[in-house]
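Q: So the chains spell out like this:
Protein chains: 2
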Amino acid sequence: MFEAAELGRTLDKGAYKEMVPDLRAGLLNLQQDLRDCDFPVILLISGADGAGKSETVNMLHQWMDPRGIDTAAFDEPTDEERERPAFWRYWRALPPKGRVGVLFGSWYSDPIAQRVEGRIDDDVLAVMLKRINTFEKMLVDGGALLIKLWFHLGKEMQVERVRKLRKNPKTKWRIGERDIAALKSYDTFRAVAEQTLRLTSTGEAPWLIIEGYDERHRNATTANHILEVVRKRMEMDPKTLRGATTAWKTPRQGDKTILDFVDLEKRLEKKDYRKELARLQGRLSVLSRAARERKVSCIVVLEGWDAAGKGGIIRRVTRAIDARSYRVITIAAPTDEERAHHYLWRFWRHIPRGGRFTIYDRSWYGRVLVERVEGFAAEDEWIRAYREINEFEEELTDHGIVLVKFWVHIDRDEQLARFKAREETSFKQHKLTEEDWRNREKWDDYAHAVNDMVERTSTEFAPWNLIEGNDKRWARVRALQILCERLEKAL
Amino acid sequence: MFEAAELGRTLDKGAYKEMVPDLRAGLLNLQQDLRDCDFPVILLISGADGAGKSETVNMLHQWMDPRGIDTAAFDEPTDEERERPAFWRYWRALPPKGRVGVLFGSWYSDPIAQRVEGRIDDDVLAVMLKRINTFEKMLVDGGALLIKLWFHLGKEMQVERVRKLRKNPKTKWRIGERDIAALKSYDTFRAVAEQTLRLTSTGEAPWLIIEGYDERHRNATTANHILEVVRKRMEMDPKTLRGATTAWKTPRQGDKTILDFVDLEKRLEKKDYRKELARLQGRLSVLSRAARERKVSCIVVLEGWDAAGKGGIIRRVTRAIDARSYRVITIAAPTDEERAHHYLWRFWRHIPRGGRFTIYDRSWYGRVLVERVEGFAAEDEWIRAYREINEFEEELTDHGIVLVKFWVHIDRDEQLARFKAREETSFKQHKLTEEDWRNREKWDDYAHAVNDMVERTSTEFAPWNLIEGNDKRWARVRALQILCERLEKAL
Chain Y
0 MFEAAELGRT
10 LDKGAYKEMV
20 PDLRAGLLNL
30 QQDLRDCDFP
40 VILLISGADG
50 AGKSETVNML
60 HQWMDPRGID
70 TAAFDEPTDE
80 ERERPAFWRY
90 WRALPPKGRV
100 GVLFGSWYSD
110 PIAQRVEGRI
120 DDDVLAVMLK
130 RINTFEKMLV
140 DGGALLIKLW
150 FHLGKEMQVE
160 RVRKLRKNPK
170 TKWRIGERDI
180 AALKSYDTFR
190 AVAEQTLRLT
200 STGEAPWLII
210 EGYDERHRNA
220 TTANHILEVV
230 RKRMEMDPKT
240 LRGATTAWKT
250 PRQGDKTILD
260 FVDLEKRLEK
270 KDYRKELARL
280 QGRLSVLSRA
290 ARERKVSCIV
300 VLEGWDAAGK
310 GGIIRRVTRA
320 IDARSYRVIT
330 IAAPTDEERA
340 HHYLWRFWRH
350 IPRGGRFTIY
360 DRSWYGRVLV
370 ERVEGFAAED
380 EWIRAYREIN
390 EFEEELTDHG
400 IVLVKFWVHI
410 DRDEQLARFK
420 AREETSFKQH
430 KLTEEDWRNR
440 EKWDDYAHAV
450 NDMVERTSTE
460 FAPWNLIEGN
470 DKRWARVRAL
480 QILCERLEKA
490 L
Chain E
0 MFEAAELGRT
10 LDKGAYKEMV
20 PDLRAGLLNL
30 QQDLRDCDFP
40 VILLISGADG
50 AGKSETVNML
60 HQWMDPRGID
70 TAAFDEPTDE
80 ERERPAFWRY
90 WRALPPKGRV
100 GVLFGSWYSD
110 PIAQRVEGRI
120 DDDVLAVMLK
130 RINTFEKMLV
140 DGGALLIKLW
150 FHLGKEMQVE
160 RVRKLRKNPK
170 TKWRIGERDI
180 AALKSYDTFR
190 AVAEQTLRLT
200 STGEAPWLII
210 EGYDERHRNA
220 TTANHILEVV
230 RKRMEMDPKT
240 LRGATTAWKT
250 PRQGDKTILD
260 FVDLEKRLEK
270 KDYRKELARL
280 QGRLSVLSRA
290 ARERKVSCIV
300 VLEGWDAAGK
310 GGIIRRVTRA
320 IDARSYRVIT
330 IAAPTDEERA
340 HHYLWRFWRH
350 IPRGGRFTIY
360 DRSWYGRVLV
370 ERVEGFAAED
380 EWIRAYREIN
390 EFEEELTDHG
400 IVLVKFWVHI
410 DRDEQLARFK
420 AREETSFKQH
430 KLTEEDWRNR
440 EKWDDYAHAV
450 NDMVERTSTE
460 FAPWNLIEGN
470 DKRWARVRAL
480 QILCERLEKA
490 L
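Which chain is which? The protein sequence lines are Y and E, in order. Throughout the first sequence, residue numbering follows numbering that gives the first Met the number 0, covering 0 to 490 in sequence. Throughout the second sequence, residue numbering follows numbering that gives the first Met the number 0, covering 0 to 490 in sequence.
These are calculated hints, taken from the structure and not from any lab test. Keep in mind that a hint or two might mislead.
[Claimed, not checked] Below are the EDC-like pairs computed for lysine to aspartate or glutamate, each with C-alpha atoms no more than 20 Å apart in a straight line:
{"hint": "1", "chain 1": "E", "residue 1": "K255", "chain 2": "E", "residue 2": "E467"}
{"hint": "2", "chain 1": "Y", "residue 1": "K169", "chain 2": "E", "residue 2": "E292"}
{"hint": "3", "chain 1": "E", "residue 1": "K294", "chain 2": "Y", "residue 2": "E75"}
{"hint": "4", "chain 1": "E", "residue 1": "K96", "chain 2": "Y", "residue 2": "E337"}
{"hint": "5", "chain 1": "Y", "residue 1": "K294", "chain 2": "E", "residue 2": "E75"}
{"hint": "6", "chain 1": "E", "residue 1": "K294", "chain 2": "Y", "residue 2": "D78"}
{"hint": "7", "chain 1": "E", "residue 1": "K294", "chain 2": "Y", "residue 2": "E79"}
{"hint": "8", "chain 1": "Y", "residue 1": "K96", "chain 2": "E", "residue 2": "E336"}
{"hint": "9", "chain 1": "E", "residue 1": "K171", "chain 2": "Y", "residue 2": "E454"}
{"hint": "10", "chain 1": "Y", "residue 1": "K274", "chain 2": "Y", "residue 2": "D470"}
{"hint": "11", "chain 1": "Y", "residue 1": "K96", "chain 2": "E", "residue 2": "E337"}
{"hint": "12", "chain 1": "Y", "residue 1": "K169", "chain 2": "E", "residue 2": "E337"}
{"hint": "13", "chain 1": "Y", "residue 1": "K294", "chain 2": "E", "residue 2": "E79"}
{"hint": "14", "chain 1": "E", "residue 1": "K294", "chain 2": "Y", "residue 2": "D412"}
{"hint": "15", "chain 1": "Y", "residue 1": "K294", "chain 2": "E", "residue 2": "D410"}
Please work from the sequences and hints to get the whole structure.
A: Okay, structure coming up:
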C-alpha cells in the first residue's frame with residue numbers, strides 16, 4: 000500500500016513557485032464559497048512522525064484564511080474528557096457548517112498507538128476501526144465532507160529526517176524520546192498503519208496517502224486534493240447526496256402496534272403508592288450516591304405522548320437525587336449553533352461527567368418520532384437514524400454509562416381527559432398548546448412511529464421500557480423501580 | 000450581624016403545611032413567566048456547613064420545575080478550569096435569559112476558605128471581595144437578577160446537627176474530616192463570613208441571611224424571598240433599570256483625536272521589510288514555543304478601520320506559530336446562545352488554555368466602537384463598558400495571560416484607495432460590503448470613539464498600541480515587534 004508513496008517524489012522549485020499563487024487564491028476562494036454552503040469540511044491529518052503533518056497544517060493556515068479554520072490537536076485527554084465516552088472530545092471539536100475543521104491526531108491516533116505498543120491485538124483494533132467507520136459514515140451521511148490525509152515516509156527517509164532535525168538546534172526540540180522509540184518500531188507501525196488504512200478506506204471517506212518527504216510535493220498535493228474534493232462536493236446536487244436507502248416503507252402489520260399490548264389497566268392505590276414511592280426514592284437516593292462515588296454516570300431518556308406524565312416522573316426521580324448530581328435537559332427547538340452541526344451534536348454536548356445523572360425530557364428520538372411524522376426529516380434521514388442512534392447508545396453504554404429509556408404510554412381517552420383538565424386549571428394552562436391538539440390528530444402515525452422505534456432501537460444494552468401511564472401513580476412507581484434495578488445491576 | 004439569625008426561629012407544621020401549596024404554585028408560575036423575560040436569575044447558595052444549603056437546593060428542585068433550573072456545584076476545578084482565569088468556571092455556569100441558575104458554592108467559597116485556613120490575610124481577602132463586587136455589579140448592570148442567600152447556623156446548633164447526622168447511618172456519609180475541621184474553626188469562620196458579607200452586601204446585590212436550623216422556616220423564607228424579589232424585578236420598568244449614569248457626554252476637545260497624532264508617514268522598504276519580517280517571525284516562533292512550554296497564554300486583540308490590514312497582520316503573526324497553538328476568533332454577529340448572555344460571555348468562551356494563543360479579529364471593543372456609534376448599545380451600556388472591559392482585562396492579565404491590543408490606523412484617503420483596489424480585484428471583492436461604505440461616512444464619530452476608547456482602556460496591564468497602517472509593511476513589522484517584546488517581557 001505504501002510502496003507508491005516511497006518513490007521519492009519531488010517538485011522542483013520553479014514549477015512550485017509558479018503553482019503556489021493559484022493554489023492559494025484557489026483555497027481562499029474556496030473558503031469564501033464554503034461559508035454559504037450547508038456542510039462542514041473535516042480534514043483529518045494523520046501519518047508517520049516526521050512526514051510533515053504539522054508543517055502541512057501550518058501551510059494550510061498560511062495559504063488559507065486562518066479565520067475560517069478550526070484546528071484541534073489532541074494530546075492527552077483532559078480530565079473532563081476522560082470522564083466521558085472516547086468520542087466526546089472529537090464531537091467537541093467538529094466544525095459547524097460552512098467552516099473547515101482541521102483535526103490533527105484524530106480518532107485514528109489512539110487505536111494505532113495502542114496496537115503498535117502491543118496493548119491491544121488485531122481483533123480489538125478491528126473493532127475500534129469498525130466503530131470509526133460507523134462514526135465517519137454518520138458524519139458523511141449528515142452532510143459533512145470528510146477528507147482524510149495520510150502522510151507517509153519510508154524508513155530510510157525517516158531515519159534521515161530525524162537525524163537532520165536533531166542536528167539543527169532550531170528544530171532539535173521537536174525530537175523527543177517518543178520519536179526515537181517510534182523509529183525503532185517503524186516496521187510494526189507501518190504494518191498497523193497499512194491495516195488501519197485498508198479497513199477504513201471506505202467509499203464515503205477514502206484515504207489519500209501523500210508522500211511526505213518533499214515539502215513542495217507535499218504542499219502541492221495536499222492543496223490540489225482539497226481544492227478538487229471540496230469543489231466536487233459543492234457541485235453535487237443535494238438530491239443525489241441523499242444516501243440511496245433501500246426504500247424502506249413502513250409496512251404496517253395490521254392496525255395494531257406494540258402500544259396496544261401495554262396493559263393500561265394497571266393501577267396503584269394511594270396508600271400503596273405512598274409507601275412504594277418513599278421506599279423507591281430511598282433506594283434511588285442510596286444508589287445515586289454510590290454512583291457518584293464510583294463515577295458511574297446515568298442517562299435517563301423520557302419519551303411519551305403529550306400529557307403522559309413525563310414531568311411528574313422526572314420530579315419523582317430528581318427528588319431522590321442530590322441537586323448537584325443531576326441535570327434535566329429539555330429538548331425543544333435547536334439553537335442556531337446546534338442547527339449548524341450534526342443532529343446528534345446537541346445531545347453529545349450534555350453527556351454528563353462521571354457519577355452524574357442527565358435526564359432528557361424528550362431526546363434524540365425526536366428524529367424518528369416528530370421529525371418523521373411531521374416530515375421535518377427526509378425519509379432516508381430518519382431511517383438512517385435508527386442505526387445511528389443504536390451506535391450512539393452503544394458508545395455511551397460501552398463507556399459504562401447506565402442508559403435507561405422510557406416511553407410513557409396513555410390512551411387517547413386519557414389524553415383527552417388530561418388536556419381538558421389542563422384547560423380548566425389556570426395553573427396548568429401553559430402546559431397545553433395548539434401543537435398538542437394538532438399532534439393528537441396524528442395519533443395513529445405516531446403510534447406506528449413508536450412501534451418502529453421500539454422495534455429498531457430496543458437493544459440489549461439499551462432496552463426500551465414501556466410504562467403503563469393511564470394511572471399516574473403506577474407509572475411513577477414503575478419508572479422508579481426500573482431505574483433502581485438498572486442502577487443496581489450496574490453498580 | 001449573625002445574631003438575628005441565631006434566634007432559633009421555627010415554623011410550626013400546621014402553618015407550614017398551609018403555606019406550601021401556595022409557595023409551590025407561586026414558584027412554578029414565576030418560572031413560567033420568567034421564560035419570556037429578558038433576564039436570568041442567578042441564585043447564590045452560600046453559608047455554614049450543615050445550615051441546609053444542599054437541602055434548600057433540593058427543595059427548590061422539587062418545588063420548581065427542574066427543567067428550568069441550571070444548577071452548578073463547584074468542587075475542585077478541573078484541569079481545563081485551572082488553566083484559565085478563576086472566574087472562567089463561573090462564566091461557564093451562568094444561566095441564559097429566562098432561566099434560573101443555582102450556583103452552589105459560588106465565587107465566595109474559595110476566598111472564605113482560604114482566609115479561614117490562614118492562606119491569605121485580610122488585605123488579600125478584601126482585594127478578592129472587591130473583585131467579586133465588580134463582577135456582580137457587571138452581571139446586574141447587564142440585566143441579571145442576583146439573589147444571594149447565606150444560610151447561617153449558630154455554633155451550638157451546628158455542633159448538635161453534626162452529632163445528629165453522624166448518629167444516623169443514612170446521613171453519616173455526609174460528615175467528613177473537613178466538616179470536623181470546620182467545626183473546630185467555627186469562630187474564625189464566623190468572623191470571616193461576617194467580614195465577607197459586610198464587604199459584599201451591595202445595593203445591587205444584597206445578602207439575605209437565613210437561619211438554617213429549622214427546615215420549615217428555612218424553606219418558607221427562601222421561597223418567599225425568591226418570589227418577592229423576582230416578581231419585583233419583573234414589574235420594574237426597563238427604563239428605570241438603566242443605571243443612572245452621570246450623563247457623560249463626550250466632550251470633544253476640539254476636532255483633533257489621538258489618531259491625528261499617529262505618524263502615518265512611517266514606511267519600510269521592501270528589502271528591509273523582508274529581512275525584518277523573517278527575523279521577527281523567527282523570534283516569535285521561538286517565543287511561542289517557550290510560552291507553550293511554560294503554559295503562558297497570549298491574547299491578541301486586533302481592532303482598526305475597515306481595510307486597515309488586520310487580516311494581513313494576523314496572517315504574518317500566525318505564520319510564526321504552530322497551528323496547534325493558536326485560534327483566530329472572528330467577531331461578527333452573535334449567535335442566539337450568545338445573545339442570551341452577558342455581552343462579555345462570548346469572549347470568555349474562547350479564553351485559551353495554558354500556553355495557547357487566541358487572536359481576536361475585532362473584539363469586546365465593539366461595544367464602545369460600532370455599538371456606540373450605531374446606537375446598538377444604550378449610552379449607559381457603552382459608558383459602563385469601559386470599566387467592565389478594564390476589569391475583564393485585569394482578570395486576564397492577573398492570571399498571567401499576555402494581552403496585546405492593536406488599533407491599526409490608516410487615514411481616509413488610504414482607506415478610499417484600498418476600497419477602490421478591492422473593487423477592482425475580483426479576488427478581494429468579497430471583502431468589501433455596503434456596510435464598509437456606510438461606516439466610512441461616520442469616520443469622525445468613529446475617530447472620537449477610538450479616542451475615548453484609548454483614553455479609557457489603555458491601562459498599565461493592557462496598553463493600546465496604535466499601529467501606523469498606511470504602509471502595510473511598516474504595520475506588520477511594527478505589530479510583530481510589539482508582540483515579541485511583550486512576550487519576551489512576560490517569559
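Q: Are the Cα positions of E:K294 and Y:E75 separated by 20 Å at most?
A: holds (15 Å)
Q: Between E:K294 and Y:D412, is the straight-line Cα distance small enough, at 20 Å or below?
A: Violated - the C-alpha atoms of Y:D412 and E:K294 are around 64 Å apart, more than 20 Å.
Q: For the pair we were handed, Y:K169 and E:E337, check the Cα-Cα distance against 20 Å.
A: violated (42 Å)
Q: Is the Cα-Cα distance between Y:K294 and E:E75 20 Å or less?
A: Given that 20 Å is the threshold and the Cα spacing comes to 15 Å, the pair holds.
Q: Against the 20 Å threshold, does the CA-CA distance of Y:K96 and E:E337 hold or violate the hint?
A: Roughly 18 Å separates the two Cα atoms, so the pair holds.
Q: Hint check: E:K294 vs Y:D78, CA-CA at most 20 Å. Holds or violated?
A: holds (17 Å)
Q: Is the straight-line distance between the alpha-carbon of Y:K294 and that of E:E79 20 Å or less?
A: holds (19 Å)
Q: Between E:K171 and Y:E454, is the straight-line Cα distance small enough, at 20 Å or below?
A: violated (45 Å)
Q: With the threshold set at 20 Å, check whether the alpha-carbon distance from Y:K169 to E:E292 stays at or below it.
A: holds (15 Å)
Q: Checking one constraint from the list: CA of Y:K274 to CA of Y:D470, max 20 Å. Satisfied?
A: OK: Y:K274 and Y:D470 at ~16 Å, within 20 Å.
Q: Y:K96 and E:E336: Cα distance at most 20 Å?
A: This hinted pair holds, its Cα atoms lying about 17 Å apart.
Q: Does E:D410 lie within 20 Å of Y:K294 when you go C-alpha to C-alpha?
A: Violated - the C-alpha atoms of E:D410 and Y:K294 are around 61 Å apart, more than 20 Å.
The structure fails hints 9, 12, 14 and 15 (numbered hints given earlier, in ascending order).
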